[in-house]
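Visitor: Based on the hints, put chains B, C, D, E, F and G in the right spot on chain A.
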Amino acid sequence: MKIKPLGDRVLVKVEEVEEKTAGGIFIPQTAQEKTQIATVAAIGDDKDVITVKVGDKIMYDKYAGTSVKVDGSDHLLLRMADILAVVE
Amino acid sequence: MKIKPLGDRVLVKVEEVEEKTAGGIFIPQTAQEKTQIATVAAIGDDKDVITVKVGDKIMYDKYAGTSVKVDGSDHLLLRMADILAVVE
Amino acid sequence: MKIKPLGDRVLVKVEEVEEKTAGGIFIPQTAQEKTQIATVAAIGDDKDVITVKVGDKIMYDKYAGTSVKVDGSDHLLLRMADILAVVE
Amino acid sequence: MKIKPLGDRVLVKVEEVEEKTAGGIFIPQTAQEKTQIATVAAIGDDKDVITVKVGDKIMYDKYAGTSVKVDGSDHLLLRMADILAVVE
Amino acid sequence: MKIKPLGDRVLVKVEEVEEKTAGGIFIPQTAQEKTQIATVAAIGDDKDVITVKVGDKIMYDKYAGTSVKVDGSDHLLLRMADILAVVE
Amino acid sequence: MKIKPLGDRVLVKVEEVEEKTAGGIFIPQTAQEKTQIATVAAIGDDKDVITVKVGDKIMYDKYAGTSVKVDGSDHLLLRMADILAVVE
Amino acid sequence: MKIKPLGDRVLVKVEEVEEKTAGGIFIPQTAQEKTQIATVAAIGDDKDVITVKVGDKIMYDKYAGTSVKVDGSDHLLLRMADILAVVE
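Protein chains in written order, with the working numbering: chain A, 4 to 91; chain B, 4 to 91; chain C, 4 to 91; chain D, 4 to 91; chain E, 4 to 91; chain F, 4 to 91; chain G, 4 to 91.
Excised from the complex, chain A in its bound form (with noise of 0.2 Å):
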């Protein structure tokens, strides 16, 4: 299944986080922290208004979005106003 999000809209793939310290514990995350950043799958046709790019790493507004199975992973749709910065 192929998604072509319209307009100013934005697919994201949610990131599973599992965060370890250096020694390897693992340290639970609230779901709100997890999911804070995503991964761009792809954007819309709507390019004055987009400024992210298919990879880029991003974070979004908490409760933005619709959220969509693809492939069997957790993707959002989100609006570009909803995708607040690009993580480095």
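Hints may contain errors.
Calculated cross-link-like contacts (lysine to aspartate or glutamate; reagent style EDC-like; alpha-carbon spacing at most 20 Å) [what the hints assert, rightly or not]:
#	chain 1	residue 1	chain 2	residue 2
1	E	LYS7	F	GLU18
2	D	LYS56	C	ASP49
3	A	LYS65	A	GLU18
4	F	LYS7	F	GLU91
5	C	LYS5	C	ASP51
6	D	LYS5	D	GLU91
7	B	LYS16	C	ASP64
8	D	LYS60	C	ASP48
9	E	LYS60	E	GLU91
10	F	LYS72	G	GLU18
11	F	LYS72	G	ASP59
12	D	LYS65	C	ASP11
13	F	LYS16	G	GLU91
14	B	LYS16	B	GLU91
15	F	LYS5	G	GLU91
16	D	LYS50	C	ASP49
17	D	LYS7	E	GLU18
18	F	LYS7	G	ASP85
19	E	LYS7	F	GLU91
20	C	LYS5	C	ASP74
21	C	LYS56	B	ASP49
22	B	LYS7	C	GLU18
23	B	LYS65	A	ASP11
24	C	LYS60	B	ASP48
25	G	LYS5	G	ASP49
26	G	LYS7	G	ASP74
Note that these hints are calculated values from the structure, not bench results.
Guide: Same frame as chain A, but now just chains B, C, D, E, F and G:
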């Protein structure tokens, strides 16, 4: 009964999903997941805004639109802005 | 009593639905389903906005409009934007 | 007391309805039904917007306006946009 | 203390109503009815918007404005848009 | 600590009111009445919008602004639109 | 991890406040008071709107922004409009 959507509205037919694994086991889905994909059945007359065409499979915003029955099957009258992506 | 809607408003007569199967068995409908189709009885003077005409069967947004009695039958005063589609 | 509405406002006198059948039996109406028809008593100075005139019978949006007593009878100060239709 | 309203604001003095019948019997009024008439005490500097003048008796929207005490009497700081009508 | 408000914002120092009668008896006031007068301490850089100056006594909208402590005394960061009137 | 805010957004580092009197006694503050001051860590690309620069100490609107962890310390992604004042 033929329905002609007005303005930026789009009539879509909600997909009836019967998910099976390769082995044929039925996997139940929540209503929410089911209703996120639909097929465009008719489009309004506001061609500047509408960028989908009859037959397109689309993803739409949860809670959007007005549900109507057409010839016994579930349809939705959506606004173009409620359509998030085209699925291929 | 004659009602002349103002501006972008449209007066519609709510259909009284008596659904029967081919065999004549009455199938009850919820009020919600019943009230979604109506016939245009009069239109306002804002001709740029109004794209329906007297006699058209239309579908309208649930919860929209103000209900009024005209000569004993249920009518609604809708705004043009509450009319979703024309039914043929 | 004379009331001069400002801008796009219209002062209307709420009709006191005494509904009787041909045989003279009183049919009670709910307050809601009663208060939907009124007569224009005075209009504001925004003549571009106001398309009703003193003496017109009008239907108005339920819950709209501010109720005032003028010489002992119930009146409403409505905005033009709250007036749905003229009744003849 | 002298109050100079800013912009489209108007300072009004709320009327203290003592309603009596011809025979002098006091008729209590609800607070709501009482507070609907006031006298303009000062006007803001936005003369394009303000169409009332000091001394005018006005009717105002229930719940509008910010109540202030000026020299011991109840006043309100209203926006021009909250003033519904001039009373003569 | 020096605070420079941004844009259309105004920093005001909330007055501490100690109301006494001529005879010196303290008259308690509600918090609401007390907090309605303040003195302008600093203004933002949007000079087109800001029409008050440092030192002005102003009345402001109840519930408006963000309270901050400056050198131990209560201040508020208001928008110009929350300032209702200048008091002289 | 480097965060590049988008558009009119500003990344700020929330100050950890340890208030002591001259005599060194710790004075507890409510969380609300603490979180009102922060230091600008990165700014977005909308230079017409953003009037703060990296290193500025700013006051921000309570409840504004999205909290993020950067290298273990509390940060906020604010919109420029949520920044009330610069502190010097």
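Visitor: Find the hints from earlier in the document that the structure breaks and name them by number, from lowest to highest.
Guide: 4, 5, 6
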